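Protein chains: 2
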Amino acid sequence: MKQSTIPFKTRKDAPKDEVSLNAQLLIQAGFIHKEMSGVYSMLPLGLITFEKIKTIIRDEMLGLGASEVSLTTLQDKNLWEKSGRWNDEVVDNWFKTTLKNGTELGLGFSHEEPLTAMLRDHISSYKDLPVSVFQFQTKFRNELRAKSGIMRGREFLMKDLYSFSSTPEAHAEFYDRAKDAYIRIFDKVGLGKVTFPVQSSGGSFSKFSLEFQTITDAGEDIIYVDHDKKVGINKEIMSDDVCAEFGFNKSDLKGVKAVEVGNIFNLGTKYSDVLGLNYKDESGARIPVVMGCYGIGIGRLMGTIAEVFADAKGLVWPKSVAPFDIHLIALPDSDGMVMSATEKIYEVLCDSAKSAKMPINVLFDDRELGAGAKFADADLIGIPTRIVVGAKSLAEGKVEIINRQTGEATQINITDISSYLHG
Amino acid sequence: MKQSTIPFKTRKDAPKDEVSLNAQLLIQAGFIHKEMSGVYSMLPLGLITFEKIKTIIRDEMLGLGASEVSLTTLQDKNLWEKSGRWNDEVVDNWFKTTLKNGTELGLGFSHEEPLTAMLRDHISSYKDLPVSVFQFQTKFRNELRAKSGIMRGREFLMKDLYSFSSTPEAHAEFYDRAKDAYIRIFDKVGLGKVTFPVQSSGGSFSKFSLEFQTITDAGEDIIYVDHDKKVGINKEIMSDDVCAEFGFNKSDLKGVKAVEVGNIFNLGTKYSDVLGLNYKDESGARIPVVMGCYGIGIGRLMGTIAEVFADAKGLVWPKSVAPFDIHLIALPDSDGMVMSATEKIYEVLCDSAKSAKMPINVLFDDRELGAGAKFADADLIGIPTRIVVGAKSLAEGKVEIINRQTGEATQINITDISSYLHG
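These protein sequence lines are chains A and B, in that order. Letter by letter, the first sequence follows residues 1 to 423 of this note's numbering. Letter by letter, the second sequence follows residues 1 to 423 of this note's numbering.
Watch out, some of these pointers could steer you wrong.
It does not matter which identical chain is meant; a pair holds if it fits inside one copy or across any two.
[As the list claims (entries may be wrong)] Using 20 Å as the maximum straight-line C-alpha spacing, the simulated DMTMM-like pairs for lysine to aspartate or glutamate come out as follows:
| no. | residue 1 | residue 2 |
| --- | --- | --- |
| 1 | Lys179 | Glu368 |
| 2 | Lys96 | Asp76 |
| 3 | Lys280 | Glu368 |
| 4 | Lys127 | Asp366 |
| 5 | Lys34 | Glu81 |
| 6 | Lys374 | Asp128 |
What the hints contain is simulated information worked out from the structure, not anything from laboratory work. In this text, all values refer to a predicted model and were calculated from it rather than measured experimentally.
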């Protein structure tokens, strides 16, 4: 993509009304736009990054055999009254609205109720199970305060997966596979080393839930982790008894700040009971379906990646989720030779991307700007590999390749670029 | 995709609470699920069809040089008060909600205001223009009645494109290109022959707007069309004067029912004036930006395609938007030979899809059901080409290929399937 075609510009300074690093950097670099506290629009660079994260997650969900759907935002009060979650004292972050005829509606903060109700039409026998369904859908949560940028939004995109099993044992089997898929997802987006499966409170569903917590000072949670065993426990449930229950050695656990990037709840038959989602077993008896839900907030994950990898100069994206693989920069020159040579390199890279199995996506800074402004933008945007074309190196048939993370710079021959990148 | 892995089943009968054909068929065939009047969730088959339509539209939008973004649902009242559209007497289909602190918010029924406001940070000079931005985003419209299925939803996905130009002439140039892109989009989704650019009222923006109207009895509009010249005029503005203005010969125009599948509004400087979106021209004077907006409702388009092509047996999808290219059906047999042979054909087709430029996507009916049930489902779902594998033809090394639209059936050798499909 030619950078001159993106109508959204970077900012010289971070926005003054943001206290979180992720929002400051993502706004400054032109990834997102703030509509109001906790409500952010996605600009082209942010949307591409989002799609990369979504693709990684979607592949793992499909690998679990889950079917993709998209439920609605508008929620039927009747369903939520059955589960007891319509009441604002039970769920304190509803956004609600009203139809013309006065009927109250909710904006979905989660989708257990409508999906459970929907599946009553499709699950009737043990032969119909197991089933798993996921979606990428906007959630609305009426947070009292929203100061964590895209890490705690009032409106945010979430991947939510729901599993439906015949027995607790069948549920446990799916749960384990989903847990492994989650570990792979956080690995793939670059957070594997700092992300821990952590035992936490099960809320109203069960004794415990499993959180995936990423260690960062931007986190709102305190977790105790065993770095060697890669396990942890949320401070909320920390006690000698709970440590013993999970076989944790309290002296091996170290307290750190972390952000919850994913979670898994054992729902049991809470929703299938109240909404009547039953199946007939082989003897013909009607049995409530055992459910689990598995969430990853896409905005929160993107914000966490931003916080974990950013440096003083700006964002630093892991390759797997970077909006582009290459930032190709034409330095200014007097006679236009550099621009036309860079244009040619861009075309060669785009052509090779079409035929390659792993296409290389290039952001080409073709703007009429000075070298300083271009480098500052490239640092801010944080694409992993930078190729700089200047008059001096061009005269020698070379370009400079710079690693955004390490700052390491190497010169290579122009003719070697493709093999260097694909090699 | 193996049909046994889709947890959503077809229904024997159309839902009784739906009066529109599109909702009846799409629900019965397992494409969508009704949450409440005018509010439908997308099931796997519906979501795949949606994505196919979106890809066709996205390609054309990117071809116009437009940048993709995703604005938010939650809307800041302050912006809409500036344009005068917060008032429920001006816009009578708002859904509104409230923050914990009492601040009123709207749910976006359109996005002119926030996008115009956002671009104030990015457009300052004539050098920054022209700019065009599009999104696929859910719109919320508090319709008094919603009986047209997914053709008039209270919550629905829309592609909205907005253009920003320096002068009316530059706007007209973009407008013409966008109009051509719209004509190509309706061609590509299979509606070209029955879709007409139609002059209509410009509402509060300008004297006229351009609608794209698809002729169907399910339509809510009456349009007068000249079939030869492929132009038309909406009944709302039909008069001798208007006919004369557009050079239409009234006697050549024929009244038909139609549904508006797209529209283009000349917004002029209505929003840039009130929201202060100005640019500096070459002399340094501050000039308001000239805007246009260009909408296509994705649900309405899918519903229209369903209505236009359906027959007595069910849905009939044009190839370009069908959820799958091939419905591969294994007929029941006693010894499992047919199932294993069909499984092999499925694998070959999937493998060839991986290497082909135009991959062929296959829905493989591997369910343990009788031939009648499988054929009825295949008719209902409406995938263009059906490959039927039965014991008798298999013994001769053949399969039957059936065209869903014409019903035409041919037998071909199993070894010729790939070349038949790719040829």
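Against the structure, the hints come out as follows:
no.	hint	verdict
1	Lys179 / Glu368	neither (49 Å within a copy, 32 Å between copies)
2	Lys96 / Asp76	both (11 Å within a copy, 16 Å between copies)
3	Lys280 / Glu368	between (69 Å within a copy, 18 Å between copies)
4	Lys127 / Asp366	between (59 Å within a copy, 14 Å between copies)
5	Lys34 / Glu81	between (34 Å within a copy, 19 Å between copies)
6	Lys374 / Asp128	between (57 Å within a copy, 17 Å between copies)
In terms of the numbered hints stated before, the structure departs from hint 1 and from no other.
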